[in-house]
Amino acid sequence: MGSMGSDLPKTAPAAVLTGSYGEPYTIKDVPIPTLSVHDALVELEYSGVCHGDVYARDGGGPAPKDAVRPLTGGHEGVGRIVAMGTEGMDGFMLGDIVGIAWRSYVCGTCQACQAGSENHCFNQRITGAHRDGTFQRYISFPTAQLVPIPSGVSLPSICPILCAGVTAYAALQRMSPQAGKWCVIVGGAGGLGHLAIQYAKAIGLKVVAIDGGSPDKQQFCTKMGADVFVDFTLPGLVETIVDKTEGGADYILVLSPHQSSYE
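All residue numbers for the sequence shown refer to the numbering used here, where the first residue is 745 and numbers rise by one.
FYI, nobody ran anything at the bench for these hints, they're computed from the structure. Any given hint could be a false lead.
What the hints assert, rightly or not - Heads up, simulated BS3-like pairs for lysine-lysine below, C-alpha to C-alpha not over 27 Å straight-line:
#1 Lys967 with Lys988
#2 Lys754 with Lys809
#3 Lys961 with Lys950
#4 Lys754 with Lys772
#5 Lys988 with Lys961
Unchecked claim - For each label pair, taking beta carbons as the anchor points, the in silico distance ranges come out as:
#6 Val998 with Tyr849: 24 to 32 Å
#7 Gln942 with Asn867: 27 to 35 Å
#8 Thr755 with Ser920: 47 to 55 Å
#9 Gly766 with Ser895: 17 to 25 Å
#10 Ala946 with Leu838: 29 to 37 Å
#11 Pro757 with Ser920: 12 to 20 Å
#12 Asn867 with Asp960: 36 to 44 Å
Yeah, the Cβ is synthetic: ideal placement off N, Cα and C, and Gly gets one too.
The task is simple: from the sequences and hints, build the whole structure.
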């Protein structure tokens, strides 16, 4: 076990789930997590809130079939390393700014991992669902899964990038995008979509954002950089896209795949 400084408190506040699925988060003091030899203790400064945290509370989605309780939620955290284990520090040092993301463990040996798709690891453990997450002041986390954060960036802005951001960016990269091509982003005004618009523009794509139901969404997507906005609630969806792109999309990114989006 690694050593922790005597100046650390014995307990700190956390948002904890203690009942069955459907019970709310409660704020309570919890002991500072035990530090294993391959972990770093991170003093968190910010944590994002994601719909995955609703699944952790209510069940469904990626949440385990049987609720893990007690459980501290959250999986989009940023903070500084304040203590370290004794082995496998993976280049990290005390004081480093790091991110805590969705997966705390992947096996590296299953078919998905061997294919380079660790996000589909058969044995993965999800932060804030299978193990305590970032709705707390201190978290002990495997250094192999920590994300180094450069200095000089806005730490609150990093939080959603650790989940929605990397999801959207990875999807774009898998397209092998070519600058100047047209990319249609379904769900452009959403949590993933608005980041995807910005990434797509940054790599030189032309963007059609699809969303609907509110004029505010068009203004928002345009502000994010979309070249064209298409309201899916209006007739002529396909014809409009074909016309605006002069023949059709080169890439399509669906970031609103839940059944409720189509009901």
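How the hints compare with the structure:
Taking the CA atoms of Lys967 and Lys988, the gap is near 19 Å; set against the 27 Å cutoff, the hint holds. For the given pair, Lys754 sits about 33 Å from Lys809 by alpha-carbon distance, which is inconsistent with the 27 Å threshold. Taken as a hint, the Lys961 and Lys950 pair is honoured in the structure, with Cα atoms around 18 Å apart against an allowance of 27 Å. Simply put, Lys754 and Lys772 have alpha-carbon atoms about 13 Å apart, close enough for the 27 Å limit, and the pair holds.
Using a Cα cut-off of 27 Å, the hinted pair Lys988 and Lys961 holds, with the two alpha carbons roughly 19 Å apart. Under the hint 24 to 32 Å, the C-beta atoms of Val998 and Tyr849, about 28 Å apart, fit the expected range. Roughly 33 Å separates the CB atoms of Gln942 and Asn867, a value that falls within the hinted 27 to 35 Å. Thr755 and Ser920 have their C-beta atoms about 50 Å apart, which keeps the hinted 47 to 55 Å range intact.
For Gly766 paired with Ser895, a C-beta distance near 42 Å fails the hint of 17 to 25 Å. A C-beta distance of roughly 33 Å is found between Ala946 and Leu838, which places it inside the suggested range of 29 to 37 Å. The supplied range of 12 to 20 Å is broken by Pro757 and Ser920, whose beta-carbon atoms lie about 45 Å from each other. Checked against the hint of 36 to 44 Å, the C-beta distance between Asn867 and Asp960 comes to roughly 42 Å, which is consistent with it.
Violated hints for the displayed structure, listed by number in ascending order: 2, 9, 11.
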